[in-house]
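Novice: Sequences are here, hints too, so could you generate the full structure?
Protein chains in written order, with the working numbering: chain V, 1 to 323; chain X, 1 to 323.
These aren't lab readings, by the way, just hints derived from the structure by calculation. No experiment lies behind these values; they were computed from the predicted model shown. Since no wrong hints were added, every one of them can be taken at face value.
Chain copies aren't distinguished; within one or between two, either way the pair holds.
With a straight-line Cα cutoff of 30 Å, these simulated DSS-like cross-link-like pairs (lysine-lysine) come out:
# : residue 1 : residue 2
1 : Lys300    : Lys224
2 : Lys28     : Lys41
3 : Lys177    : Lys296
4 : Lys28     : Lys80
5 : Lys320    : Lys296
6 : Lys320    : Lys134
7 : Lys80     : Lys296
8 : Lys177    : Lys279
9 : Lys294    : Lys80
Protein chains: 2
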Amino acid sequence: MKLTVGIDIGGTNTAIGIVNERGEVVNKISIPTPSHGEIEKYIDEIAQALNELSERVKAEHRDAEILGIGVGAPNGNFYKGTIEYAPNLSFDDIVPFVDLLKKKFTQYETIVLTNDANAAAIGEMIYGGAKDMKNFVMFTLGTGVGSGLVVNGEMVYGADGFAGECGHTMLIPGGRKCGCGIDGHLEAYCSASGMKRTAIEIIARDNAADSILAYKTFNELDSKEIYEAAVADDKVAIEVFEKTGHWLGMSLADTVHHLSPEAIFLFGGPTAAGDYIFKPTIESLNNHLLPMFKNKIEVKKSELNLGDAAIVGASALVWKTLV
Amino acid sequence: MKLTVGIDIGGTNTAIGIVNERGEVVNKISIPTPSHGEIEKYIDEIAQALNELSERVKAEHRDAEILGIGVGAPNGNFYKGTIEYAPNLSFDDIVPFVDLLKKKFTQYETIVLTNDANAAAIGEMIYGGAKDMKNFVMFTLGTGVGSGLVVNGEMVYGADGFAGECGHTMLIPGGRKCGCGIDGHLEAYCSASGMKRTAIEIIARDNAADSILAYKTFNELDSKEIYEAAVADDKVAIEVFEKTGHWLGMSLADTVHHLSPEAIFLFGGPTAAGDYIFKPTIESLNNHLLPMFKNKIEVKKSELNLGDAAIVGASALVWKTLV
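Specialist: Here's what the structure looks like:
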């Protein structure tokens, strides 16, 4: 039984999972990501957790063979195996994560790292809906908007390993503040938190005291509540999805005009809203495409399980590297 | 002496050249592109012209060996060898150009076709400034804005052969009419004709009767005259370059955020203006880049000779295919 390890480094927790060839998590464990930057200690903790986990798996499956470790991390650099200037992690500016892991795990030849959205795209390619695709893109809608681009069957890492930052393409010049400091980026509009901003803007614009969402604070609101309000026919919530889809479709058209992908996969909390988000997105995409692309690009929900996707994507990186 | 043929299909003329390994045009010939769609006759004319040309070259160079034919055409599809729905050509909607050429030239195994901007990018990669680059992009500024994208050392053709339409990415939502019918595209602002529109807009806005450019009609103006006016310290002309650079840099940042290229090459008439166009473009690019990309992306003038670039680029496609 061939297995790979996926490690997902989040701002709060680090999830470690052992994944089989079908992309199913055989066993997993979670440890806190330290909020103060003791990287050596953190690597020790990961090592301890992973050793414990592999013992457990080997006890259950006598034929278990672990092929390598894949890591998904914010601002992860595939080429160098480093995590660089990750805003939500407390380590040094540049952490040589793969090198540090290699010292602990000399038994694994393949230890690889990339950013979370690239890992999700690789997960889709190895285990999910993009198995037979050579050209596709994955957009992850969460706190931010991430993206992973696949061209000619290969991840696009670019000259320095940091390609695929489509969340930071310009949507509306001079528009909303984006976390990166440049105004008007897609992420400021179409992330889960962008949707919250849209809801609050509409409530303020329309003085919409009767909206379900007007009873929530800015800090309480999330995309799930906006979805539930839309299902309850709340006008504000429905407009949030329409606007989000309009903006996302417009931006996806730019990506299509760059790369002409076969399909676009959407991943993350807001995709649970189904037609509420997909319908206006697809409509806007086609309205913004050149004739030769119109109605030819599939927009699909990621087939990865939301809860495990980060681990599974990271583990897929091992397969992608071994192939 | 190994040679390749480059054919550049323009709306008015078709240029056919024989090119050596250094990217120098050994000999060339030009025939009219028919304005009424008799494709078989046109192919006959190309065949006759090329046969004449190769006789000439073989008379001069006894060791001449022609390896194949590369074609650059608007809306050229590399995968299928077709020209599809080209707005400025008068043929059928879909012309199987490579198949038609193959019937005439059974002696050449390699007959390949792509669009003009891709051909320019391949020319840069084979003969020009991108020789050692695996990740770069080429933007061509002319009547329109074209682009050719190179990722992991390969042209990006995408799922259907039409990738690299960056001239039709959204610059200003709801902005200027673009030839494609969608408002606000980069091409409507940063093509040579976009610059003319900017000039006339500024003159109208400022009532700039004293500008050199106020003595020209809309139809007379071209980017060369705007450049000459800028050199003569004409305020309108200088602002045209500043705005064009601002817009172009903003859009290039989006492409960098997709692909993280090592360099961006600019090609076409407006690049003759040197610092007038490059300085504001580079400044705006860096202002719109995430910190990890800032001041890391070279913006360079194409090393291809403006006059021959289309032939040379098309001929490079043969080398690229043979490698």
